[in-house]
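*Asks:* Whole structure, please, built from the sequences with the hints as guidance.
There are 10 protein chains.
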Amino acid sequence: MEFLVRFETDLPDSLSSAEKAELKSAERSRAAELREAGILKRLWRVPGRRAVVGLWEASDATALHEALSSLPQFPWMDVDVEPLAVHPQER
Amino acid sequence: MEFLVRFETDLPDSLSSAEKAELKSAERSRAAELREAGILKRLWRVPGRRAVVGLWEASDATALHEALSSLPQFPWMDVDVEPLAVHPQER
Amino acid sequence: MEFLVRFETDLPDSLSSAEKAELKSAERSRAAELREAGILKRLWRVPGRRAVVGLWEASDATALHEALSSLPQFPWMDVDVEPLAVHPQER
Amino acid sequence: MEFLVRFETDLPDSLSSAEKAELKSAERSRAAELREAGILKRLWRVPGRRAVVGLWEASDATALHEALSSLPQFPWMDVDVEPLAVHPQER
Amino acid sequence: MEFLVRFETDLPDSLSSAEKAELKSAERSRAAELREAGILKRLWRVPGRRAVVGLWEASDATALHEALSSLPQFPWMDVDVEPLAVHPQER
Amino acid sequence: MEFLVRFETDLPDSLSSAEKAELKSAERSRAAELREAGILKRLWRVPGRRAVVGLWEASDATALHEALSSLPQFPWMDVDVEPLAVHPQER
Amino acid sequence: MEFLVRFETDLPDSLSSAEKAELKSAERSRAAELREAGILKRLWRVPGRRAVVGLWEASDATALHEALSSLPQFPWMDVDVEPLAVHPQER
Amino acid sequence: MEFLVRFETDLPDSLSSAEKAELKSAERSRAAELREAGILKRLWRVPGRRAVVGLWEASDATALHEALSSLPQFPWMDVDVEPLAVHPQER
Amino acid sequence: MEFLVRFETDLPDSLSSAEKAELKSAERSRAAELREAGILKRLWRVPGRRAVVGLWEASDATALHEALSSLPQFPWMDVDVEPLAVHPQER
Amino acid sequence: MEFLVRFETDLPDSLSSAEKAELKSAERSRAAELREAGILKRLWRVPGRRAVVGLWEASDATALHEALSSLPQFPWMDVDVEPLAVHPQER
Chain A
0 MEFLVRFETD LPDSLSSAEK AELKSAERSR AAELREAGIL KRLWRVPGRR AVVGLWEASD
60 ATALHEALSS LPQFPWMDVD VEPLAVHPQE R
Chain B
0 MEFLVRFETD LPDSLSSAEK AELKSAERSR AAELREAGIL KRLWRVPGRR AVVGLWEASD
60 ATALHEALSS LPQFPWMDVD VEPLAVHPQE R
Chain C
0 MEFLVRFETD LPDSLSSAEK AELKSAERSR AAELREAGIL KRLWRVPGRR AVVGLWEASD
60 ATALHEALSS LPQFPWMDVD VEPLAVHPQE R
Chain D
0 MEFLVRFETD LPDSLSSAEK AELKSAERSR AAELREAGIL KRLWRVPGRR AVVGLWEASD
60 ATALHEALSS LPQFPWMDVD VEPLAVHPQE R
Chain E
0 MEFLVRFETD LPDSLSSAEK AELKSAERSR AAELREAGIL KRLWRVPGRR AVVGLWEASD
60 ATALHEALSS LPQFPWMDVD VEPLAVHPQE R
Chain F
0 MEFLVRFETD LPDSLSSAEK AELKSAERSR AAELREAGIL KRLWRVPGRR AVVGLWEASD
60 ATALHEALSS LPQFPWMDVD VEPLAVHPQE R
Chain G
0 MEFLVRFETD LPDSLSSAEK AELKSAERSR AAELREAGIL KRLWRVPGRR AVVGLWEASD
60 ATALHEALSS LPQFPWMDVD VEPLAVHPQE R
Chain H
0 MEFLVRFETD LPDSLSSAEK AELKSAERSR AAELREAGIL KRLWRVPGRR AVVGLWEASD
60 ATALHEALSS LPQFPWMDVD VEPLAVHPQE R
Chain I
0 MEFLVRFETD LPDSLSSAEK AELKSAERSR AAELREAGIL KRLWRVPGRR AVVGLWEASD
60 ATALHEALSS LPQFPWMDVD VEPLAVHPQE R
Chain J
0 MEFLVRFETD LPDSLSSAEK AELKSAERSR AAELREAGIL KRLWRVPGRR AVVGLWEASD
60 ATALHEALSS LPQFPWMDVD VEPLAVHPQE R
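Residue numbers (the numbering used here), protein chains in the order written: chain A, 0 to 90; chain B, 0 to 90; chain C, 0 to 90; chain D, 0 to 90; chain E, 0 to 90; chain F, 0 to 90; chain G, 0 to 90; chain H, 0 to 90; chain I, 0 to 90; chain J, 0 to 90.
It is possible that some hints are incorrect.
Across the chosen pairs, the derived CB separations fall in these ranges [said to hold, decoys possible]:
| no. | chain 1 | residue 1 | chain 2 | residue 2 | range |
| --- | --- | --- | --- | --- | --- |
| 1 | A | D9 | F | D79 | 24 to 30 Å |
| 2 | H | R27 | G | R49 | 42 to 48 Å |
| 3 | J | E21 | A | W75 | 44 to 50 Å |
| 4 | G | L10 | A | D9 | 46 to 52 Å |
| 5 | A | S15 | C | E32 | 50 to 56 Å |
Derived by calculation from the structure, the hints in this document are not laboratory data. Glycine included, every Cβ here is placed at the ideal spot set by N, Cα and C.
*Replies:* Below is the structure:
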């Protein structure tokens with residue numbers, strides 16, 4: 000099933016620039032893996048914010064949580080998940 | 000997967016007492032069928048309100064929507080759905 | 000550009016069943032036209048509600064408003080529009 | 000009576016990794032005791048968040064507070080308690 | 000256990016003045032019974048509003064719901080219930 | 000007149016355990032004095048939170064503020080005050 | 000003591016123009032009486048709205064409620080009351 | 000001074016189509032007058048809604064209220080006014 | 000024109016007691032000057048909070064901002080400004 | 000298309016006065032460039048706050064995000080973007 004997932008990432012100032020760069024690079028790599036696995040389907044940037052809206056697909060909320068918590072920046076992400084049902088016009 | 004579903008029902012005054020009684024009876028029958036099918040697992044009353052909190056199980060949000068919209072009072076229900084993931088301590 | 004559009008439709012009781020059916024049919028036809036024009040790209044049902052989330056594409060907010068207000072049920076729709084920017088990972 | 004309890008835990012960065020691990024282990028042990036005592040009945044993970052929803056049973060709000068505040072991570076938990084009444088269909 | 004209960008009553012215009020007067024009189028009588036039974040312990044008026052705050056005592060949320068829903072004006076009351084625990088200084 | 004006062008106390012981590020214990024002890028002493036003076040009439044614990052709801056009596060909001068700000072933990076209290084009027088049924 | 004009182008009046012369409020005019024005239028007369036009695040001290044219009052902010056003085060919340068509910072339009076007013084304490088700089 | 004004014008108009012179903020058309024025409028005429036007078040400076044449509052955002056200039060909030068309440072649809076407008084100060088970069 | 004201004008001041012712990020005392024003294028001096036200039040007309044304490052409500056008069060929002068930002072504690076004040084129009088009964 | 004952009008800037012205390020002054024100067028320079036490019040069209044100060052409201056023009060949300068994130072203070076800005084459609088009266 001699909002989920003609309005919104006999150007905003009706030010890396011703390013206690014991380015050095017190098018640590019932040021490493022985290023961002025690891026984040027991109029893991030996101031790419033999740034795209035290849037068909038779990039992460041689309042990402043949009045919320046204009047003006049360090050926030051993204053994404054379309055995710057997972058068998059259930061437990062699998063979705065595993066995917067989200069596998070992201071290296073997860074400890075600093077504020078995440079909101081909305082379940083989506085198929086619309087009759089899409090069948 | 001499980002969902003926490005909260006809804007409050009507000010039957011309009013344009014319905015007669017007989018129509019309301021019939022709707023409530025049909026609601027109970029359909030709810031009993033959903034319990035037998037393992038879709039509706041628990042219901043609680045929110046004290047002081049015409050609202051209920053329920054624990055539902057469905058394969059995905061589409062199946063949940065079909066179950067909810069099969070309730071005779073659905074046109075007058077204000078529904079809020081929250082997806083639930085399995086907690087590690089429950090495994 | 001893309002927009003995330005959320006709306007909930009509340010047809011008034013003053014409309015007859017025939018009028019409501021006619022409106023819903025006209026709505027589906029107009030939505031199909033907007034899909035063919037590439038303006039309406041995806042629709043999801045919010046489980047438990049008479050609400051939808053949709054992904055729309057239009058040259059700007061003015062063109063989006065024209066598309067939305069061309070829907071026959073527009074007078075009874077409560078609409079919320081969120082602008083989306085391209086995410087760097089999507090380029 | 001039953002309560003729906005929602006909480007999110009935010010351990011401060013001032014705690015070392017060892018202290019956090021010890022707290023989490025102690026938390027699991029105390030939760031297991033509360034389950035055996037029939038006070039903690041179910042736990043769900045809110046997908047994407049360090050938050051849980053739980054079904055608790057206690058004789059009253061005072062006993063529930065004692066159970067919740069006996070959790071080792073209680074000083075860092077943001078807790079919301081909702082009282083639940085028995086639904087007529089459950090009798 | 001004690002509960003803090005807040006409600007606002009909004010009798011519809013479709014009721015005649017006589018019906019409203021009768022309802023208010025029946026409400027006072029039932030409230031007096033609940034006071035004598037020790038369930039309704041205190042009532043305050045929210046200044047400027049048709050709203051009250053009350054201190055209620057009941058064995059649990061189910062008994063509280065039965066008391067509240069026995070009030071003749073219950074169908075037109077918007078009720079919010081907050082559970083209260085004993086404060087250590089009160090023991 | 001009576002006031003419903005809700006507050007939550009958040010002592011900062013910069014205070015030592017000894018300072019916190021001393022503050023809590025001083026808080027209890029001052030609260031006891033306010034009870035004897037008839038200003039603090041009842042206190043309840045909000046279950047699951049470091050928050051209390053209290054019933055206070057003071058000649059006006061100025062006298063109430065003086066009582067509240069005389070509490071040793073006042074600098075770390077987030078306070079919300081609601082004025083209460085006498086309910087006709089209480090006269 | 001002083002109170003900051005905010006209210007918005009919404010006369011129903013079921014009242015005729017004559018009834019509305021009569022109510023508004025009676026409202027002005029009663030407000031003038033409350034000004035002379037020193038209870039209503041200042042009124043401001045919220046720009047763009049049928050809402051007012053007012054400064055009132057009454058011995059307590061009960062006396063304030065009696066003054067507010069003596070206004071002829073009270074049944075159709077949505078009122079919010081905020082208690083005010085004397086500021087040290089005003090002494 | 001300038002004000003950012005947001006309003007949404009909701010003409011009631013009790014008005015006939017002819018009455019609504021007349022109101023809309025009168026609204027446009029009065030708006031044109033306010034533009035010529037330099038009071039109404041810009042208007043934008045909120046996409047998807049019967050709402051507008053406008054930039055207005057008036058000597059103070061009283062003059063602004065007079066301009067807004069001179070609009071024929073004012074009785075059915077829900078208006079929110081935000082005062083604007085000159086930004087240093089605009090001087 | 001008049002404005003209703005609400006602010007809450009939160010001096011950081013990084014300031015020493017001496018710095019705080021100096022700031023508070025400077026704040027009182029500047030407030031006295033603004034009173035003499037007829038800009039600050041009334042101040043009230045919000046009971047239980049480090050917050051004040053004030054009635055201010057300035058030619059426009061720009062002049063009001065200059066007055067507010069001239070207060071020594073301005074960098075630590077969270078300010079909310081509401082424009083007020085003259086009420087017909089005050090003319 | 001035009002956007003209404005609201006942001007509030009909160010430079011952290013960890014920056015020195017010199018760093019803050021440099022940032023503010025760089026901010027003004029970049030804002031001037033965006034004005035010359037026709038992207039930033041108007042700015043207003045929200046009275047009493049370190050917040051601004053601005054009217055921006057960009058081809059889409061992606062271009063707007065690039066402009067906003069090119070501001071030197073962007074890492075410390077909390078930004079809210081609202082898309083604007085052309086109002087029929089402006090055509």
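*Asks:* The structure should be examined with respect to each hint, and the outcome stated for every one.
*Replies:* Cross-check of the supplied hints:
1. Separated by about 28 Å at the C-beta atoms, D9 (chain A) and D79 (chain F) satisfy the suggested range of 24 to 30 Å.
2. For R27 (chain H) and R49 (chain G), the Cβ-Cβ distance of about 23 Å falls outside the hinted range of 42 to 48 Å, so the restraint is violated.
3. The given range of 44 to 50 Å is broken by E21 (chain J) and W75 (chain A), whose C-beta atoms sit roughly 28 Å from each other.
4. For the pair L10 (chain G) and D9 (chain A), the supplied restraint of 46 to 52 Å holds, since their beta-carbon distance comes to about 49 Å.
5. Taken as a hint, the range 50 to 56 Å holds for the pair S15 (chain A) and E32 (chain C), whose Cβ atoms sit roughly 54 Å apart.
Consistency note: the structure conflicts with the earlier hints numbered 2, 3.
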